[in-house]
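Sequences listed follow chains A and B, in order. Its first residue numbered 22, the first sequence is counted upward by one per residue in the numbering used here. Its first residue numbered 10, the second sequence is counted upward by one per residue in the numbering used here.
It is possible that some hints are incorrect.
What the hints assert, rightly or not - Here are the simulated SDA-like pairs of lysine to any residue, each with C-alpha atoms no more than 25 Å apart in a straight line:
{"id": "1", "chain 1": "B", "residue 1": "K120", "chain 2": "A", "residue 2": "A153"}
{"id": "2", "chain 1": "B", "residue 1": "K127", "chain 2": "A", "residue 2": "G83"}
{"id": "3", "chain 1": "B", "residue 1": "K120", "chain 2": "A", "residue 2": "L50"}
These are computed hints drawn from the structure, not numbers from a lab. Since the structure is predicted, the reported quantities are computational estimates derived from the model, not experimental observations.
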Amino acid sequence: MSGTFSVRLEGTLTNEHHTEKFGSSVNKLIPQTGQGVYSAIVSVPTSPTMSSLPTGDIHSIGYIYMKNLSTGNNQTILYGPGGAGYSTYPYWILGELQPSGGEAWFKMDPNSSGLNVEAAYTALLQIKMFEA
Amino acid sequence: MAGSFSVKFNGTITSNLHSDSFGSPNPVAFTQAAQGFHGETVIVGTTEEIMPTGDVNTIGYLYLRNLDTGNFVSWGPTFEGVMLPFGRLDPTGGEAWLRRNSALSAELRWKADTAPCKVQMKLFEA
Chain A
22 MSGTFSVRLE GTLTNEHHTE KFGSSVNKLI PQTGQGVYSA IVSVPTSPTM
72 SSLPTGDIHS IGYIYMKNLS TGNNQTILYG PGGAGYSTYP YWILGELQPS
122 GGEAWFKMDP NSSGLNVEAA YTALLQIKMF EA
Chain B
10 MAGSFSVKFN GTITSNLHSD SFGSPNPVAF TQAAQGFHGE TVIVGTTEEI
60 MPTGDVNTIG YLYLRNLDTG NFVSWGPTFE GVMLPFGRLD PTGGEAWLRR
110 NSALSAELRW KADTAPCKVQ MKLFEA
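Turn these sequences into a full structure, and let the hints guide you.
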């Protein structure tokens, strides 16, 4: 039976003379067709060895939430498209999660090649993966 | 002069017999090393386009939201001259929030599925 996401992202950037807001002040409801969830805290290996993120029994990956739980300045986590064909450094690197709570939230495209991660120094990654 | 981000993200998923939550109870703070920002509502076409970056030099955080009510937008890095599908913005507010790797990542591209879509984008200097 399908489920429902209730998501709220609210952000502010403040500079000396400029402020910018983004996201929403209300929760957004998103339907989930499947019912699968994969939730884990994983240890991300150091570069140059990238690893594919585990997906548990998720059949078709939908939304992904990631958060860097490590706090060291050198524990940034890098991530990007998976698959052997895109493993040439640095082309596979798309984003990064800064230490001490760096987050990412997006929906994977069904035609994507998966997700790889690596870190300059072993880091802990919280991941929640939801069935599309 | 450095700026500061304050981001609060909360989510829950509720199914018939299962629920889960994610995010942070309190806002997470990050610094912005240099001032820079590019924000616009882009009409993304059905042919691949390069995501604009304006005058942002070192790409940092990116926020996307699909304002179209009937069509999705695929996005991803450029690989060998074409888009490698990675993410999808669902219609009616589908969002993405991530920090780009400022030094290494390839440019991003996007493409609407069957008809052009308006997408709100906010790109911040790292």
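Against the structure, the hints come out as follows:
1. The straight-line distance between the Cα atoms of K120/B and A153/A is roughly 20 Å, inside the 25 Å bound, and the hint therefore holds.
2. The hinted pair formed by K127/B and G83/A meets the criterion: a straight-line CA distance of about 22 Å does not exceed 25 Å.
3. Note on K120/B and L50/A: the hinted pairing holds, with a Cα-Cα distance of about 24 Å set against a maximum of 25 Å.
The structure is consistent with each of the numbered hints, conforming to all of them.
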